[in-house]
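*Asks:* Protein sequences, first through last, are from chains A and B. Everything in the first sequence is counted per the numbering used here, starting at 1 for the first residue and increasing by one. Everything in the second sequence is counted per the numbering used here, starting at 1001 for the first residue and increasing by one.
If you are wondering where the hints come from, they were derived from the structure by calculation, not from laboratory data. By construction, the Cβ of each residue, glycine as well, lies at the ideal position given by its N, Cα and C atoms. A hint or two may mislead.
To list a few chain A residues with every Cβ distance to chain B over 12 Å, as calculated [stated by the list, open to error]:
{"#": "1", "residue": "Leu230"}
{"#": "2", "residue": "Asn301"}
{"#": "3", "residue": "Lys336"}
{"#": "4", "residue": "Gly396"}
For lysine to aspartate or glutamate, the following DMTMM-like pairs were computed, each having C-alpha atoms within a straight-line distance of at most 20 Å [unchecked claim]:
{"#": "5", "chain 1": "A", "residue 1": "Lys269", "chain 2": "B", "residue 2": "Asp1351"}
{"#": "6", "chain 1": "A", "residue 1": "Lys388", "chain 2": "A", "residue 2": "Asp412"}
{"#": "7", "chain 1": "B", "residue 1": "Lys1269", "chain 2": "A", "residue 2": "Asp210"}
{"#": "8", "chain 1": "A", "residue 1": "Lys269", "chain 2": "B", "residue 2": "Asp1002"}
{"#": "9", "chain 1": "B", "residue 1": "Lys1139", "chain 2": "B", "residue 2": "Asp1002"}
{"#": "10", "chain 1": "B", "residue 1": "Lys1269", "chain 2": "A", "residue 2": "Asp351"}
Listed below, chain by chain, are the residues.
Number of protein chains: 2
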Amino acid sequence: MDKCVEYLREHRREHLDWTIELCRIPSISTKEEHKQDVAAAVRWTHELCEKIGLKSRVYETGGHPAVCAEWCHAPGAPTYLVYGHVDVQPTGDLALWDAPPFEPVQKDGWLIARGAADDKGQVLVYLRAAAAWLATAGKLPVNLKFLIEGEEEIASPNLGPFVEQHRELLACDHVLISDTGLIRDGWPTITYATRGLLYKEVRLSGPHHDLHSGSHGGVVANPANVLAALIASLHDESGRVTIPGFYDDVVELSDEQRAQLSALPLDEKEYITSLGSPAPHGEAGYTTAERRSVRPTLDVNGIYGGFMAEGANTIIPARAGAKISMRLVANQDAEKLSGVFDRTVRERVPDTVRVEILNHGACGAYMAPRDSQPMKAAERALREAFGKETALMPEGGSLPILPMFKRLLGVDCLLIGLASPSCNAHGPNEKVLLADLDRGAEAVARLFGYLAG
Amino acid sequence: MDKCVEYLREHRREHLDWTIELCRIPSISTKEEHKQDVAAAVRWTHELCEKIGLKSRVYETGGHPAVCAEWCHAPGAPTYLVYGHVDVQPTGDLALWDAPPFEPVQKDGWLIARGAADDKGQVLVYLRAAAAWLATAGKLPVNLKFLIEGEEEIASPNLGPFVEQHRELLACDHVLISDTGLIRDGWPTITYATRGLLYKEVRLSGPHHDLHSGSHGGVVANPANVLAALIASLHDESGRVTIPGFYDDVVELSDEQRAQLSALPLDEKEYITSLGSPAPHGEAGYTTAERRSVRPTLDVNGIYGGFMAEGANTIIPARAGAKISMRLVANQDAEKLSGVFDRTVRERVPDTVRVEILNHGACGAYMAPRDSQPMKAAERALREAFGKETALMPEGGSLPILPMFKRLLGVDCLLIGLASPSCNAHGPNEKVLLADLDRGAEAVARLFGYLAG
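Chain A on its own, in the form it takes in the complex:
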């Protein structure tokens, strides 16, 4: 293992060139004109896999291709599947970038390029570690598979079907992913939970057309007023969601977990101030750290109706609507709650208006087992590589691939985040701290060793 680490240090320059080379490919998956670039990034990854000694193949999907590679010559040893993606977000306004987004620049230890953090730099950490093992020991201590796709930034529309069709090819004991962040620069972080999402749109309609509020005000229900009452009814005074059974399946935190969460470096006052709100607010009985990650929420994401321009217009709106989404936590069932939400809305809306409910997506929450062998192994590997205890962090956002892997392959995921909190993924001047990638590669090389048992 020491040889591996030595090898990684010696080949740092070469490995950095891999990252730079991959970041030069403008593999923007959302844009049709970059279709060939996404394919090129996948092919480049395939060629690197072959070069370092993996068996690799590019697979066509319904959309952008994916690469599957593996080294499975450790009979009896466990098998790990590394998931990552080499497609990137659009650049946005080029004027906001200090340098062209696909011409990587090094500055003060950072590599600045679209995709440097999300996810090219992080994906390559696993190939660096595998290369180190294969070059120094001629073998890996565990069986290793890779699934690197080109559609993550467009919500992986073909990943589920692909995994379903290739269950045997992808069969494994655990999934390894680095596509999240460090809680602070230099502070190793494992994300052990993500929230699910249930996104609805409620549209109410009353009169055929907007009505003159003088001539007709008072005689029919105003869809905007009814909508407000509906939305208000969805929370009680303590900030809890009033949808029947909403909390029934929620996994409550243990005292230990709460203590651990409260020990994470989050200064509530500083955090709320940075968001701009005058005060914190949320479900009574929980801390800000808990509210934003391990507790479910319900929020209006957008609301509209009637006269929305500057000034005044005296109308009763014919229609009003709201986009309402819920962040779910383990073990809430998005599908079950979807039906309950719809029934609750239809029950609460009076028959003086008409209701239409649109679905804008559902995705399950995910929570990794906290005391699994891979988790313990990763904590050790990260501690040794970063010289610091690992932060175990729940994440408030959603990662649909986690419940997908659980459902289709029956395995859990280990999320080792290597992106800086200031990496600006999806924004201009996306960047990654090269030292974190280097430490990450060393940690992953160690992890492979510890995963062997």
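Starting from the known structure of chain A, arrange chain B on it as the hints suggest.
*Replies:* Quick look at chain B alone, frame taken from chain A:
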């Protein structure tokens, strides 16, 4: 008086030409390029006043001019002020008109032209009646003044100041106005009450920017959710407004008034169906006829916040706002309620968001005395001219000039409506039934006689 009526019938053709001539002038007060046309319509009216024997003068105001005319040679007799306007609304989409809006067309007894009903045709009814008296009797039975303006369709911004500056010139015992409608074609109608208006906009803000609802959902108040709760709190379960003291000054209807209102020809089911709403809704304990005219209301006129386009976006909105207006009735005080509304909103909105309240105008309600001598005289005159009992109707909309005349001149207003329910004022193919104008002119000629005592 019979001679007057005879004169009106003999001069019908000539008087119709007046209406056509005035309707030819495209006096659109909202459009700068029609400034000269508004002035031309005012001057045309001034010249007609002089021609029929009134003393007349055009006055400049801060905006479009106004004409004041009078015949005040009946010492000891009461003085009446006729108010009207000769400016009109824009035409809107010309493709929706069957003929050019300023080229009046006669069809099936209707005169079709912009301004035919609102208000040129109705204003001229008073000049026709005055002309008949002056031509046949050489005098009027009462003192008569006219105030015809050119800014009604832009909310009469200079009328209040003008009246205030010319209190003596305009001093009178009562104001006569025909700028409203008939309850049904051929059914004489006096509007005895209008609602006031108090129009606010509440803007709530929380985070500096829209937040990712995954990363930050649950930790700060969502301005759209808070707004919904605020709006919901403004009504109770019985549909009553919960602003403290909101109903304190409301003049409750007498049983006689309620009976009279319920006798008006309004088919609730047909009416609600025509609006398009699935069911009636309003303040408990009142009929639809009462709710839309003599009861105060509170309605959201517009609501906005966050992601309002098609599809889904997982954000916590930084801001949300609602335009909220109240229709007031006699004797609610718009100014007092404005302060109460603001205080109530500030009290009810938690300190987890910031509040801003904009004012979009306030206007008092108006209720004419139901048993005044002019009211009785008008009922008699209308009955004789239309051969039918007069409908006494409260109107749900607002007419700011009514409380203005009351405040500045200390007098009440009599509103004799002559526009058909199907006149389409402000819309394409605006029209007036010529028979209603003719009957109106006869009624007004009789009214002048009965007003004398």
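*Asks:* Please go over all the hints and tell whether each is borne out by the structure.
*Replies:* Status of the hints after comparison with the structure:
1. Leu230: violated, 8 Å
2. Asn301: violated, 5 Å
3. Lys336: holds, 20 Å
4. Gly396: violated, 5 Å
5. A:Lys269 x B:Asp1351: holds, 15 Å
6. A:Lys388 x A:Asp412: Distance of about 25 Å is beyond 20 Å: violated.
7. B:Lys1269 x A:Asp210: holds, 19 Å
8. A:Lys269 x B:Asp1002: Roughly 86 Å between the alpha carbons, so the hint for Lys269 of chain A and Asp1002 of chain B is violated.
9. B:Lys1139 x B:Asp1002: Holds, at roughly 15 Å.
10. B:Lys1269 x A:Asp351: With a Cα-Cα distance of about 15 Å, the restraint between Lys1269 of chain B and Asp351 of chain A holds, given a limit of 20 Å.
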